[in-house]
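S.K.: Residue strings, one per chain:
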Amino acid sequence: GAGVSQSPSNKVTEKGKDVELRCDPISGHTALYWYRQRLGQGLEFLIYFQGNSAPDKSGLPSDRFSAERTGESVSTLTIQRTQQEDSAVYLCASRAPRESGANVLTFGAGSRLTVL
Amino acid sequence: AQSVAQPEDQVNVAEGNPLTVKCTYSVSGNPYLFWYVQYPNRGLQFLLKYITGDNLVKGSYGFEAEFNKSQTSFHLKKPSALVSDSALYFCAVRPYSGSARQLTFGSGTQLTVLP
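Sequences listed follow chains A and B, in order.
Quick note: the first sequence uses the working numbering, first residue 922, plus one each step.
Quick note: the second sequence uses the working numbering, first residue 91, plus one each step.
These are calculated hints, taken from the structure and not from any lab test.
A couple of the hints might just be wrong.
Residues from chain B shown here face chain A by an in silico Cβ test under 10 Å; the list is partial [to be verified]:
id, residue
1, GLN96
2, ASP99
3, LYS139
4, TYR151
5, ALA182
6, GLY198
Note that the structure is a prediction, hence the values are computed from the model and not measured.
Idealized CB from N, CA, C, for every residue including glycine.
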């Protein structure tokens, strides 16, 4: 597609449930990032995928958070046993290959997660 | 550790007046600076970036930003604000020699342009 697509746009869940958030990056973008945006705060880096390299998971806040990416396409962010503090907007971004000269992230509209 | 400060949570300006959204940063080495804008229910959109060269950078929608190395600032400006500019603005920095995963965002400034 023309942009980064995220689903669902809104998710309300009960504490303790697992949730999956999906990101479809721009075709041809080798790099993919997940960020968390809590109300009134800046973006927190969660995880980064680059091609077939091992992902950089340094931003994941706990072992309840995990993410996968199939090749250079779709990525899924999974939060297990959700807690109320997980409530936030989860943003996905992708970036074209470095050799293309573009070094700007393109963001999706985000998935708003509310944990009751 | 690098950081970005956007000292104003909210900026209000009348339509037609000039606007400034402030950003200061701290980073090791030379900075790679960005401004992004977020409209309601939309993802962040890239506005402009500074790498090297001219300290005044021009971007999308008539916005520009001035890099000031001595003050470690990268304030976003527009000569004449429009109501449609009302949105949440984020400043971001990473080391020039680093990678995008080192990008650090400010907490955002809500700009409201009053008709």
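S.K.: Okay, which hints does this one fail, numbers in order?
M.R.: 4
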